[in-house]
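Turn these sequences into a full structure, and let the hints guide you.
Just so you know, the protein sequences line up as chains A, B, C and D, in that order. Following the working numbering, the numbering of the first sequence begins with 968 at its first residue and continues without gaps. Following the working numbering, the numbering of the second sequence begins with 968 at its first residue and continues without gaps. Following the working numbering, the numbering of the third sequence begins with 968 at its first residue and continues without gaps. Following the working numbering, the numbering of the fourth sequence begins with 968 at its first residue and continues without gaps.
Please keep in mind that the hints were generated in silico from the structure rather than gathered at the bench. Computed from a predicted model, the values in this text were never measured in an experiment. Watch out, some of these pointers could steer you wrong.
Said to hold, decoys possible - SDA-like cross-link-like pairs, simulated, lysine to any residue; straight-line CA separation at most 20 Å:
1) C/LYS969 with B/PRO976
2) C/LYS969 with B/GLY1156
3) C/LYS969 with B/ASP1281
4) A/LYS969 with D/MET970
5) A/LYS969 with D/GLY1106
6) A/LYS969 with D/PRO1149
7) A/LYS969 with D/TYR1171
8) D/LYS969 with D/ARG1070
9) A/LYS969 with D/ILE973
10) C/LYS969 with B/ASP1159
11) D/LYS969 with A/ARG972
12) A/LYS969 with D/ARG972
13) D/LYS969 with A/ASP1159
14) B/LYS969 with C/GLY1150
15) A/LYS969 with D/GLU974
16) C/LYS1233 with C/VAL1223
17) C/LYS1233 with B/PRO976
18) A/LYS969 with D/PRO976
19) B/LYS969 with C/MET970
20) B/LYS969 with D/ASP1281
21) C/LYS969 with B/GLY1150
22) B/LYS969 with C/TYR1171
23) B/LYS969 with C/ARG972
24) D/LYS969 with A/ARG1160
25) D/LYS969 with B/ASP1281
26) D/LYS969 with A/TYR1162
27) D/LYS969 with A/GLY1156
As the list claims (entries may be wrong) - Among chain C residues calculated to face chain B with C-beta under 10 Å, some are:
28) ALA1141
29) GLY1156
30) ALA1158
31) SER1163
32) LEU1165
Glycine included, every Cβ here is placed at the ideal spot set by N, Cα and C.
4 protein chains.
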Amino acid sequence: MKMLRIETPGVAHYAYVITDGAEAMVVDPRRDVEEYLNAARSLGARIRCVVETHRQEDFVMGSARLARESGASIVNGDHELFGHGDVRLPDGARFQLGGLTVRALHTPGHTPESMSYAVHTDDSGPAWAVLTGDAVFFGTTGRTDLADAERAGENAALLYDSVHDKLAPLADTALVLPAHGPGSVCGSGMADRPYSTLGEERRYNEVFTLDRGEFARRKGAERLPRPPYFRHMERVNLGGGLEPVLRPGSVPLLDVSTFATGCGDKLVYDSREPEGFAGGHLASSYSIWLGGMPVFGGWIGDEHSPIYLVTDRDADVDTAALHLSRIGIDNVQGALAGGFGAWRKSGRAIETSGVITPRELHEQREAFQVLDVRDADEFASGHIPGAVHTYVGHLPERGAELPLVRRRPVAVTCSVGHRAGLGVSLLLRAGFDDVRNVLGGMTAWQALDLPVER
Amino acid sequence: MKMLRIETPGVAHYAYVITDGAEAMVVDPRRDVEEYLNAARSLGARIRCVVETHRQEDFVMGSARLARESGASIVNGDHELFGHGDVRLPDGARFQLGGLTVRALHTPGHTPESMSYAVHTDDSGPAWAVLTGDAVFFGTTGRTDLADAERAGENAALLYDSVHDKLAPLADTALVLPAHGPGSVCGSGMADRPYSTLGEERRYNEVFTLDRGEFARRKGAERLPRPPYFRHMERVNLGGGLEPVLRPGSVPLLDVSTFATGCGDKLVYDSREPEGFAGGHLASSYSIWLGGMPVFGGWIGDEHSPIYLVTDRDADVDTAALHLSRIGIDNVQGALAGGFGAWRKSGRAIETSGVITPRELHEQREAFQVLDVRDADEFASGHIPGAVHTYVGHLPERGAELPLVRRRPVAVTCSVGHRAGLGVSLLLRAGFDDVRNVLGGMTAWQALDLPVER
Amino acid sequence: MKMLRIETPGVAHYAYVITDGAEAMVVDPRRDVEEYLNAARSLGARIRCVVETHRQEDFVMGSARLARESGASIVNGDHELFGHGDVRLPDGARFQLGGLTVRALHTPGHTPESMSYAVHTDDSGPAWAVLTGDAVFFGTTGRTDLADAERAGENAALLYDSVHDKLAPLADTALVLPAHGPGSVCGSGMADRPYSTLGEERRYNEVFTLDRGEFARRKGAERLPRPPYFRHMERVNLGGGLEPVLRPGSVPLLDVSTFATGCGDKLVYDSREPEGFAGGHLASSYSIWLGGMPVFGGWIGDEHSPIYLVTDRDADVDTAALHLSRIGIDNVQGALAGGFGAWRKSGRAIETSGVITPRELHEQREAFQVLDVRDADEFASGHIPGAVHTYVGHLPERGAELPLVRRRPVAVTCSVGHRAGLGVSLLLRAGFDDVRNVLGGMTAWQALDLPVER
Amino acid sequence: MKMLRIETPGVAHYAYVITDGAEAMVVDPRRDVEEYLNAARSLGARIRCVVETHRQEDFVMGSARLARESGASIVNGDHELFGHGDVRLPDGARFQLGGLTVRALHTPGHTPESMSYAVHTDDSGPAWAVLTGDAVFFGTTGRTDLADAERAGENAALLYDSVHDKLAPLADTALVLPAHGPGSVCGSGMADRPYSTLGEERRYNEVFTLDRGEFARRKGAERLPRPPYFRHMERVNLGGGLEPVLRPGSVPLLDVSTFATGCGDKLVYDSREPEGFAGGHLASSYSIWLGGMPVFGGWIGDEHSPIYLVTDRDADVDTAALHLSRIGIDNVQGALAGGFGAWRKSGRAIETSGVITPRELHEQREAFQVLDVRDADEFASGHIPGAVHTYVGHLPERGAELPLVRRRPVAVTCSVGHRAGLGVSLLLRAGFDDVRNVLGGMTAWQALDLPVER
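Printed below as a string of structure tokens:
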């Protein structure tokens, strides 16, 4: 018996390949499925089932493609929201994976259709592990506001019951195998640990340490941004996800002139670090660092947007495009060959933007309007006194309502400077004159013990 | 029979692996010899000789190590300046490499000991190829000022004779296999082509198209910088080069605090692109872009200097250290783990520097002192009117003599912005207040048809 | 300007990527085009043209796919046999590739439509190189019997004229860049060298060293096998080749039981070395070593045959399938997971076959019938006295006519033992009782100075 | 917090890299430490401790080298048998790894110095995991006969107490992180599962399911071979292991003639599969399949033996040499370039050996002497009726005492055919006339339901 956990960076997603030595199941695969195929091959196993815990919202699933490529069946629950599937398991149903027994558990709350799967090494023994999808993460649960933000508390209570009725009875020694780790947009406050067990979770996970009412209240009060691409993900995942259109090397590298002609009024995503963007960038381009591409690329553009990429180096083009494709954004029409350096030496127009260190901002606090673009929970946990808040993803639509004056300097901050970089580029597009990225963000601010307001 | 040309980026160096199918020779290997060993292996051949055309000045040779690892003999000429070697060939001597015949030709001029090697597929036939070292490049020859800059013209005449007496008699169809391509500091004005023949060179190479006197005059008038690490290279190459001290992954990645403590008054090389450096950097660090490391790393530090690296990302650390090790700079004591981003979020002091576009500089020309840091030939071929000139490598020692005022803004330019970045960091260290990198340099300036002075 | 030669092993095919630094052409690409796309990318160039020298017969072209993926145009000649193409050049036409000039030369003889292309670095200068397709190889030319074996001599005369009229006038210094090297089935007797020039070829290539009549006679007398897959290649290449259906990892690895059920009366190709096959194999399987797959896989099966693979290890499956796909054989339905070792331990039936060393055969010559399965020219150049001859590819259809007795031992030989391995497996299928592979074949036989008949 | 388990194939060894996010410990590293360095780097962590559970016997440790390369301290127990170490922890001692607390537990029994280490995410909470070395494996414990085979039962009782006194009190939810998995020679009967917990082990591990007396009796009766290289491992591991002498590509590939001259009376290891060896091999060579190299290479040769390698292909040479180096066998003097195929075509002497299928053996049982070379426990669990037994590793010294007649056919069997291959080559060297490998071994025999004796 073998198990491999395969992580998708940027979206903090975990898929699992589990095999009894001959037959394998892949749980919650993403769209680019090569890594799972290779993993099964390296384990000497044949993929028999593609198992889904729920219809993912934050990435395009690879169930349909993986099933087609491997000849496997898609296995999920009998709730209609799954929308597809070869084997639709009701709560309590079992199936064999070679010598392993897998038991399906309906655990709604994160979403109505959510399933967990208990894996038993022998039919009569306790569960060896439980695949919890977004029901239980390490230290917390999945968010419960997706179906209807107004009913987040109610759904949290439902999730509480799912956990306590279906999962709690399993053995304390069962490994907990969730679909996400810290950094995912499907929850907040995940514990940073590599493996855990049900007994361990019982000790510190808020779904166990709080009572039902308190848990529902706390979850109901959570204010998490809902990325706009979630809707597209839900739609395509109804059918088992999308086939890939991307192949390494397939994004055209365009010379400066072709790029400049093409990108015109299209979206230009600049994947360099914030300092590089500050030191020079194309007018109207969006600063979205490489690691943030699979989230923020979907806040700015959507599946229909033609996108042009500016990178630090050509080798980043594939990474950026792959990140985008994982959230269904496939319309990348080209990247600047040679990276920003090629643009620089062409003599074409270059704009710069400002930076400011936390200490400088503190010393000149009066001279600046401060905009904090983290999410509401992060802002609530401590911010620069007097800072205005809006989540960076909401800036395009809500920016105009903010109490900020275009002709006065603005310092934009987030946790370390990446989201602030996107915020800076959005304010520049909105016509602000002097916009500065607070280098190092609140992490640096707090490392310097500068004053914080809560 | 097979031949592979193996390029060393940054120093534009070509080594060759040539085999008759069973026995191979490697010509002019660099210090990290794995690529040659693998090449011979992929060709199914055993390395019998490590052949040297001359004692290289611009990189550490790998002759001794490659010979040791492969059991091969080191073959070079009988001139004492080679300093080592198992087989010391006089002019005209031959040796067999399996079914191939190799003929040694003494072709001094670039350096006194320089050898060329004609390769014959059959003993009685014309040369199939000639390995020319730094004697003949595509379109030009090696520089002739290294032994004694005062006698560059005299050496050029000697080189002219070497070429005409020893190489010209070979077949027009002989492939010319030089040790360097465009971008090398061992010559200037190389033609940009992948392969050439002696007949082809006869048609357009200045050593053939000019007469002896004119050639000697032109070479004698060339003013090429002589990097300070050349002396160290010559010394270590006397003994066949150096063993490597570097292994991928062996440069310690230091957390911010350890890095900050350690780097103190040591050299900090920042390998990011100029815009990133402008947007934020450590005080007193040197801006040396990744591709420029194997040249400019040796203008700032030497083989004794403890060096600390700041990169864009951890994956660049090995590249930077490898580049430095190729010019004998092995004392890299650590790199900032997590790249500049880690420094940013620590709250530690960050400095910024300025940039300016060519058009802006043109429009505000009066407000700026302009410093051009390209080499003398590049400067002579066209520069911004009124620019002051010094080669970037000479800035540390000659900067103080420049007619530049510290309190007035300076715009620093080169060809595309990389060397100017180093120039900017040097002026900042020297106490200048406002230093700007002219983005895109003279390439952008000329693309915009802005006025040029010659 | 840069050039990369990209080799396809097994079919000894050379494609070229040539660029002036910004625009690239790819000449004669194979079906799996990723390597060309990556090469162009590494050279910082954009592919503008996919150039075809002729409609290849020995592999599936990638013109159509490469053009589609890169946005390039397909460029070839105006002869109708090309069957497709965006730009159809008449003899003598020129086109620009950035700063390079390319001149089209109609050079029929190998096939009626064959084109060569002279590449000039400047418009008025001599050719820097000439892409000769299958017109001129190193030391010889392409075969001239493909269109009509009866008219091979006539076509050879035509090819002779093409070479002397169109190519000979180019500069002696021009690099000759052919589409194949030694080992290709598109010619015989290629010289083993990595690079050559027109002047060099003039010295030793039979198309220059023989007179027209003698050349035509010699070529007319050549007896080269014509692989059956050539017809399929010609058909698909009429439209610019095929899209790939293969992706690394996509061949299903089947457990023993599934494999055994599936392979039934299908073709089973065993890619292990001859000794492994002799030591144990599946009944009725074909011994086709890995490197021989892209030729002999197409002698046994065709584009419609369902194929099952037995390998030494799983990592060979992709290689074998890729080799097959390059000759249009895409119907690989599965490979034995775990290689032959998995079959061995299942307890299923295993057959063995015999081997014999040359010395043993020599000593027991009387006891054996000897079958030599090399091609006619190889056989003519020297064989074991009394050996029967037929080309291995012709064994399935002509085997029954051979003067061999099924109940008497047969020793099968080729050059080193690979094709003999296939011959052994064919005779076993044909019901022979005792079949031995002469280990090391004629290479070993001759190394031992055993008697040879001519 | 992150954890990576790094497996060493062939010896079924698990090392662990555990980090709180900034500081890492590496537990029980092998000699070639690059993978650990890279792992720590990928986790963004600095290696602070190299932790040893005990002085390993079955592979060369990399503690000293890893400590030197990373600047880490070596941490182990205060028992004198460790022989070295920077920090020597007594039972119960704690240390901090950033935010993690590690508690040392002396758990003798497998060896006297054996330590376990409990890892706590917070100081006051239960153990999150326990590193058990060879004390506890999944389903069983380490063998207890190494120090003194006569006292195996006594040591088993000691180990029982260690487990019950020191480990049993830890939380049921603690992950069990052992140093070996199934296939290791440090124990027998490990359960095949990827992860387990203390509670899970409590349910089925024999150290928990048996009582003290029964456990001691069972372990005391185990008869496991003790590889001769264990002594060398223990000696070098006293000092923290060995520096590597191997670099990929550093084993000389020798042409046939050099190989033949060199190997003379030296050990020749043939790494091909048994069928390939049967089909042809060098006289007197040893058949040791690639995966068995890190065990059986050390039964035949020792750290002083000059070794020559014959492989299936050149790419296997590095793998074979790396496997050998991991058990301290560094004197690999060369490998046959081009694999066995090169030998085959040289015409040099080739020997063959026999194979037989289980069904054939069953049908001709009377004609064969049967030798079973598995270990005593495997033999006891079921063998071919009338088979003679000796462990393959003992054949060289005990072979002469076996009741086997040289002039009569012998069928050699093991579990699948690999060890039998080595057995075949040993009997051939001992002068047996007709030796056959039972293809598929007892696995195939039992799959066919052939009669078994117990």
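Hints versus structure:
Taking the CA atoms of C/LYS969 and B/PRO976, the gap is near 14 Å; set against the 20 Å cutoff, the hint holds. A hinted pair counts as satisfied when its Cα atoms are at most 20 Å apart, and C/LYS969 with B/GLY1156 qualifies at roughly 17 Å. A C-alpha spacing of about 31 Å is found between C/LYS969 and B/ASP1281, which places the hinted pair above 20 Å, so the restraint is violated. Only pairs whose Cα atoms come within 20 Å are accepted, and A/LYS969 paired with D/MET970 is accepted, the gap being roughly 17 Å.
Proposed proximity of A/LYS969 and D/GLY1106 is supported: the alpha carbons are some 15 Å apart, at most 20 Å. Only pairs whose Cα atoms come within 20 Å are accepted, and A/LYS969 paired with D/PRO1149 is accepted, the gap being roughly 12 Å. Using a Cα cut-off of 20 Å, the hinted pair A/LYS969 and D/TYR1171 holds, with the two alpha carbons roughly 18 Å apart. Taking the CA atoms of D/LYS969 and D/ARG1070, the gap is about 18 Å. The hint holds against a cut of 20 Å.
About 14 Å separates the Cα atoms of A/LYS969 and D/ILE973, which keeps this hinted pair within 20 Å; it holds. Our distance criterion of 20 Å between C-alpha atoms is met by C/LYS969 and B/ASP1159, whose separation comes to about 8 Å. A threshold of 20 Å between alpha carbons decides the hint, and for D/LYS969 with A/ARG972 the separation of about 13 Å falls inside it, so the pair holds. Proximity of A/LYS969 to D/ARG972 is assessed by CA-CA distance (about 13 Å); at most 20 Å being required, the pair is judged to hold.
Taking the CA atoms of D/LYS969 and A/ASP1159, the gap is about 8 Å. The hint holds against a cut of 20 Å. A threshold of 20 Å between alpha carbons decides the hint, and for B/LYS969 with C/GLY1150 the separation of about 14 Å falls inside it, so the pair holds. With a C-alpha separation of about 13 Å, the suggested pair A/LYS969 and D/GLU974 falls inside the 20 Å cut-off, and the hint holds. A hinted pair counts as satisfied when its Cα atoms are at most 20 Å apart, and C/LYS1233 with C/VAL1223 qualifies at roughly 15 Å.
Between C/LYS1233 and B/PRO976, the direct Cα distance comes to roughly 51 Å. Violation of the 20 Å bound is thereby established for this hinted pair. Distance hint between A/LYS969 and D/PRO976 is fulfilled; the C-alpha atoms sit about 14 Å from each other, no more than 20 Å. This hinted pair checks out: B/LYS969 and C/MET970 have alpha carbons roughly 17 Å apart, not beyond 20 Å. Of the pairs offered as hints, the one joining B/LYS969 and D/ASP1281 holds, with about 18 Å between alpha carbons and a cut-off of 20 Å not exceeded.
Taking the CA atoms of C/LYS969 and B/GLY1150, the gap is about 14 Å. The hint holds against a cut of 20 Å. Distance check on the hinted pair: B/LYS969 and C/TYR1171 sit about 18 Å apart at the alpha-carbon level, within 20 Å; holds. The hinted pair formed by B/LYS969 and C/ARG972 meets the criterion: a straight-line CA distance of about 13 Å does not exceed 20 Å. A threshold of 20 Å between alpha carbons decides the hint, and for D/LYS969 with A/ARG1160 the separation of about 6 Å falls inside it, so the pair holds.
With a C-alpha separation of about 19 Å, the suggested pairing of D/LYS969 with B/ASP1281 holds against the 20 Å cut-off. For the given pair, D/LYS969 sits about 8 Å from A/TYR1162 by alpha-carbon distance, which is consistent with the 20 Å threshold. Between D/LYS969 and A/GLY1156, the direct Cα distance comes to roughly 17 Å. Compliance with the 20 Å bound is thereby established for this hinted pair. Here the hint on C/ALA1141 is kept, as its CB sits about 8 Å from the closest CB of chain B, short of 10 Å.
Using the Cβ-Cβ criterion of 10 Å, the hint placing C/GLY1156 at the interface with chain B is not satisfied: the shortest such distance is roughly 15 Å. Evaluation of the C/ALA1158 hint against chain B yields a held restraint, the C-beta minimum of about 8 Å falling below 10 Å. Annotation: C/SER1163 was flagged as interfacial toward chain B, and the flag holds, the nearest CB pair being 8 Å apart, inside 10 Å. Given hint, C/LEU1165 at the interface with chain B, holds; its Cβ is 8 Å from that chain's nearest Cβ, closer than 10 Å.
Going down the numbered hints, you'll see the structure goes against 3, 17, 29, while the others check out.
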